[in-house]
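Trainee: Whenever a hint applies, use it, and build me the whole structure from the sequences.
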Amino acid sequence: MWRPVTTTVAPSQHEIDLRYTDAFTMADNTMTYRLIVKEVALRHGVYATFMPKPLADQNGSGMHVHQSLFRGERNAFFDAKDKYHLSAIAKSYVAGLLRHAREITIVTNQWVNSYKRLVPGYEAPVYLSWALRNRSDLIRVPEYKPGKENDVRIEYRSPDPACSPYLVFAVMLA
1 MWRPVTTTVA PSQHEIDLRY TDAFTMADNT MTYRLIVKEV ALRHGVYATF MPKPLADQNG
61 SGMHVHQSLF RGERNAFFDA KDKYHLSAIA KSYVAGLLRH AREITIVTNQ WVNSYKRLVP
121 GYEAPVYLSW ALRNRSDLIR VPEYKPGKEN DVRIEYRSPD PACSPYLVFA VMLA
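Just so we're aligned, residue 1 is where the sequence shown starts under UniProt numbering, counting upward by one.
Treat the hints with care, as some may be off.
Computed cross-link-like contacts, EDC-like style, restricted to lysine to aspartate or glutamate with a CA-CA straight-line distance of at most 16 angstroms [what the hints assert, rightly or not]:
1) K116 x D79
2) K148 x D82
3) K145 x D79
4) K148 x E73
5) K83 x E149
6) K148 x D57
7) K91 x D79
8) K91 x E15
9) K81 x E149
10) K83 x D28
11) K145 x D82
12) K38 x E15
It is worth saying that the hints were derived from the structure and are not from the lab. Bear in mind that the values here come from a model prediction, so they are computed numbers and not experimental data.
Mentor: Now the structure itself:
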């Protein structure tokens, strides 16, 4: 269900990447992951929090959502002829997310603490734009690796771990 655990920038902060799957299964996996992490932490006498910004002077915790759309076995986001290897469908999808970002944010960042994370200087998205490498943009397009057409995707960076993954995935796909 998940890949190896890595530490991140803030103290006691860890990143666990879940293996990609369809949206509904991913929402289930996210909820299972939260439950397991909290239970394991308690058994070891510590507390695991999924607060977006538990420490004011440190980086917060995001739940970046990597997305791609498939037609059968083919990644609908990939276009070999495009400079960024993004299809017209991918560009339209990004445009829709950016156009409705303010409304989407009500679901992806639903708590007061969520907005404490979305400030400059802490590797959080603060611009309604997309980029290839800039982590301050709402949407990042990971670099294309030749021969990995099915890996072409976008990363929506504002969701935080306090959100409902079911609602987040639904609103992004709507």
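Trainee: A separate judgement is required for each hint: does it hold in the structure or not?
Mentor: Evaluated hints:
Annotation: proposed proximity of K116 to D79 is violated, straight-line Cα distance about 37 angstroms (limit 16 angstroms). For the suggested pair K148 and D82, the alpha carbons sit about 15 angstroms apart, so the restraint of at most 16 angstroms is met. A distance of roughly 13 angstroms separates the Cα atoms of K145 and D79; the hinted pair therefore holds under the 16 angstroms criterion. For the given pair, K148 sits about 13 angstroms from E73 by alpha-carbon distance, which is consistent with the 16 angstroms threshold.
Restraint check: the Cα-Cα separation between K83 and E149 comes to about 14 angstroms, which is no more than 16 angstroms; the hinted pair holds. A distance of roughly 38 angstroms separates the Cα atoms of K148 and D57; the hinted pair therefore is violated under the 16 angstroms criterion. Using a Cα cut-off of 16 angstroms, the hinted pair K91 and D79 holds, with the two alpha carbons roughly 11 angstroms apart. Between K91 and E15, the direct Cα distance comes to roughly 28 angstroms. Violation of the 16 angstroms bound is thereby established for this hinted pair.
At roughly 12 angstroms between alpha-carbon atoms, K81 and E149 fall within 16 angstroms of each other, so this suggested pair holds. Between K83 and D28, the direct Cα distance comes to roughly 36 angstroms. Violation of the 16 angstroms bound is thereby established for this hinted pair. For the hint pairing K145 with D82, the CA-to-CA distance comes to about 14 angstroms; that is within 16 angstroms, so the pair holds. Proximity of K38 to E15 is assessed by CA-CA distance (about 14 angstroms); at most 16 angstroms being required, the pair is judged to hold.
Checked against the numbered hints given earlier, this structure breaks hints 1, 6, 8, 10; the rest are met.
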